[in-house]
Amino acid sequence: MIPPMVPQPTRRRFLAGAATAAATGIASPQFLLLTTRPAAATPDSMRQAIKNVVGEARLQKGRVKLDIPALVESGNVVSLAVSVESPMTASDHVKAIHVFNERNPQPNVVGMRLGPRAGRATVSTRIRLADSQTVTAIAELSDGSFWSDSMQVIVTLPACLETL
Amino acid sequence: MARALVNVPANAKRGDIIEIKTLIQHEMESGFRVDNMGKVFPRDIITDFVCKYNGEEIFRAELFPAIAANPFFTFFTRATESGTIIFEWSGDNGFSATESRDITVE
Amino acid sequence: MTLPVISAVLAALLAPELNAAEIPLSDRKSGYEFMGAETRAMQDDDAANPAMLWVLDGENLWRRKQATAQKSCAECHGDAQTGMKGVAARYPAFDPARGRPVNLEERINICRSEQQKATPLPFESKELLALTAYIAAQSRGMPIESKSDEHLAPFLRAGREMFNLRQGQLNLSCSQCHDDNWGGKLAGAPIPQGHPNGYPLYRLEWQTLGSLQRRLRGCLVGMRAESYPLGASEYVNLELYLMWRARGMKIETPAVRP
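Protein chains in written order, with numbering that gives the first Met the number 0: chain P, 0 to 163; chain F, 0 to 105; chain G, 0 to 257.
If you are wondering where the hints come from, they were derived from the structure by calculation, not from laboratory data. Some hints could be false.
To be verified - Below, in silico cross-link-like pairs of lysine-lysine (BS3-like), each with a Cα-Cα straight-line distance of 27 Å or less:
| id | chain 1 | residue 1 | chain 2 | residue 2 |
| --- | --- | --- | --- | --- |
| 1 | G | LYS125 | G | LYS84 |
| 2 | G | LYS70 | G | LYS84 |
| 3 | F | LYS51 | F | LYS12 |
| 4 | G | LYS125 | F | LYS20 |
| 5 | G | LYS125 | F | LYS38 |
| 6 | P | LYS60 | P | LYS94 |
| 7 | P | LYS94 | F | LYS12 |
| 8 | G | LYS28 | G | LYS184 |
| 9 | G | LYS249 | G | LYS84 |
| 10 | P | LYS50 | P | LYS94 |
| 11 | F | LYS20 | P | LYS94 |
| 12 | P | LYS64 | P | LYS50 |
| 13 | G | LYS28 | G | LYS249 |
| 14 | G | LYS84 | G | LYS28 |
| 15 | F | LYS51 | P | LYS94 |
| 16 | G | LYS84 | G | LYS116 |
| 17 | F | LYS20 | P | LYS64 |
| 18 | G | LYS116 | G | LYS70 |
Please read these numbers as outputs of a predicted model, since none were measured by experiment.
With the hints as extra help, turn the sequences into a complete structure.
What follows is the structure, given as structure tokens:
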């Protein structure tokens with residue numbers, strides 16, 4: 000299933016904008032044009048995306064280590080590693096690792112499912128960062144607890160919003 | 000089929016924790032790029048990656064446009080028995096790719 | 000004429016243009032040394048280097064029978080690991096039939112049309128990049144050869160002149176950044192010395208593999224200068240000069256750069 004091109008926050012803002020414009024009787028074609036571009040994620044939408052995963056459970060700091068350079072050479076390719084302290088046994092292991100961002104067009108980066116067979120709860124990948132921002136990694140453990148780590152990253156060349 | 004590069008040790012001792020590296024050729028068009036006329040390049044990404052060891056899932060990833068082009072993942076697994084490790088990628092526009100490696104576990 | 004004598008003659012031919020700006024041979028550094036640790040790690044690990052995807056494709060193409068003549072590269076040249084070893088280290092090379100230097104991409108296309116009776120591959124196409132990367136990778140670790148063919152002298156001079164020519168709206172020459180200001184910063188990014196010892200390479204900004212020509216065109220556009228069409232001899236002359244400027248440095252193909 001391909002998610003809609005325009006993420007939810009934009010649609011809400013568009014509707015609010017249209018309602019306001021209608022109410023005040025101001026025709027605002029420029030405003031409408033702006034809202035057709037995808038809105039950037041915000042700390043709020045990142046919080047919401049995290050809530051979708053964590054639910055009402057408490058998000059605790061610790062046990063997770065997010066390895067990402069503090070200053071990246073290119074926002075197009077940023078190496079990222081996540082390690083979680085865990086014995087990785089059947090009764091005590093990491094079920095999943097999720098990564099979120101706050102300034103890309105949308106807040107989700109990747110969701111990875113592990114399990115006791117992993118032996119070690121360490122994963123790495125390469126991501127895109129559109130701007131300098133906070134990246135957050137969340138580990139979901141077999142006992143239902145959630146642990147997180149965040150890093151502030153400075154990006155000198157943005158990725159997603161680059162035009163040709 | 001898209002070119003993939005997977006790295007799995009050919010041999011391991013039972014119980015060893017081995018590292019697996021995977022790389023696949025894919026542009027991962029984010030769906031957020033626009034051309035000079037303001038027209039969006041449609042999204043075209045890999046959305047799912049699954050790794051199975053003798054049929055049992057040992058790693059799964061759900062990818063979003065924020066994953067860089069030519070998606071790269073490394074992860075670990077315990078070498079439990081000899082057999083075949085299969086890698087499957089799927090995504091937008093019916094994208095599908097598979098790789099497999101045999102492993103001998105003593 | 001012996002080899003050292005010929006090299007000396009070439010060096011002498013260029014001597015009048017030698018200015019204080021040229022980087023002393025012992026001060027030369029690969030672009031690798033200007034990169035961050037993570038990017039270097041990407042290049043160092045063949046299992047993690049995205050450029051290897053193209054090298055693997057190139058290996059396939061090397062063995063594939065081509066068009067009319069139904070000949071693969073392997074049939075004439077054998078195993079690339081032996082047959083192509085050292086080739087990239089001595090290109091661009093003088094082509095007597097054409098009376099000018101040709102680069103590796105052109106050489107591949109010459110083989111394709113003349114030996115394999117196949118259509119030349121378009122510049123910057125996936126196939127040509129893959130084949131070039133695969134062939135050039137066979138010289139990885141080898142030093143770039145000093146140009147010793149005296150036929151190359153006028154083209155080397157033309158390449159050098161272009162490198163020192165102030166161009167475009169910014170009125171900048173390549174030399175001003177890459178000879179005079181290497182190590183400094185431009186828009187937050189370090190300025191390398193501009194040695195093409197890793198091409199074709201995976202550039203993080205492109206998110207794909209690209210040729211030296213692509214990079215040169217990008218530089219010219221960045222300088223707000225007019226770029227030449229793909230395949231122009233100006234690029235080959237410049238490549239020739241750049242490879243001479245990088246003589247002795249190790250080939251890193253397939254490299255990764257920011």
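The hints, checked one at a time:
no., hint, in the structure
1, G:LYS125 x G:LYS84, "22 Å, holds"
2, G:LYS70 x G:LYS84, "21 Å, holds"
3, F:LYS51 x F:LYS12, "19 Å, holds"
4, G:LYS125 x F:LYS20, "24 Å, holds"
5, G:LYS125 x F:LYS38, "25 Å, holds"
6, P:LYS60 x P:LYS94, "17 Å, holds"
7, P:LYS94 x F:LYS12, "25 Å, holds"
8, G:LYS28 x G:LYS184, "16 Å, holds"
9, G:LYS249 x G:LYS84, "13 Å, holds"
10, P:LYS50 x P:LYS94, "17 Å, holds"
11, F:LYS20 x P:LYS94, "20 Å, holds"
12, P:LYS64 x P:LYS50, "20 Å, holds"
13, G:LYS28 x G:LYS249, "10 Å, holds"
14, G:LYS84 x G:LYS28, "23 Å, holds"
15, F:LYS51 x P:LYS94, "16 Å, holds"
16, G:LYS84 x G:LYS116, "24 Å, holds"
17, F:LYS20 x P:LYS64, "20 Å, holds"
18, G:LYS116 x G:LYS70, "9 Å, holds"
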